[in-house]
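**Student:** Sequence:
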Amino acid sequence: PLTTQIGLVLLWVAALVTLYTGYDYFRAGLKHIMDE
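In the working numbering, the protein residues as written are 1 to 36.
Incorrect hints may have been included.
FRET-style restraints, in silico, Cβ to Cβ [unchecked claim]:
{"hint": "1", "residue 1": "E36", "residue 2": "L16", "range": "29 to 35 Å"}
{"hint": "2", "residue 1": "M34", "residue 2": "T3", "range": "42 to 48 Å"}
{"hint": "3", "residue 1": "G29", "residue 2": "T4", "range": "32 to 38 Å"}
{"hint": "4", "residue 1": "I33", "residue 2": "T3", "range": "42 to 48 Å"}
{"hint": "5", "residue 1": "L2", "residue 2": "E36", "range": "48 to 54 Å"}
{"hint": "6", "residue 1": "P1", "residue 2": "E36", "range": "50 to 56 Å"}
No lab work stands behind these hints: they were computed from the structure.
Every residue, glycine too, gets a C-beta built ideally from N, C-alpha and C.
Use the sequences and the hints to build the structure in full.
**Tutor:** Here is the structure:
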């Protein structure tokens, strides 16, 4: 059904956004650690 496809797409979008923000946060934290 269409609702299942929409749900899967939203789930993937949420996962990708989480991965991206997590990576960005991790990179910023790593840079901060390297500076000290």
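**Student:** So which of those numbered hints doesn't the model satisfy?
**Tutor:** Violated hints: none at all, because every hint is consistent with the structure.
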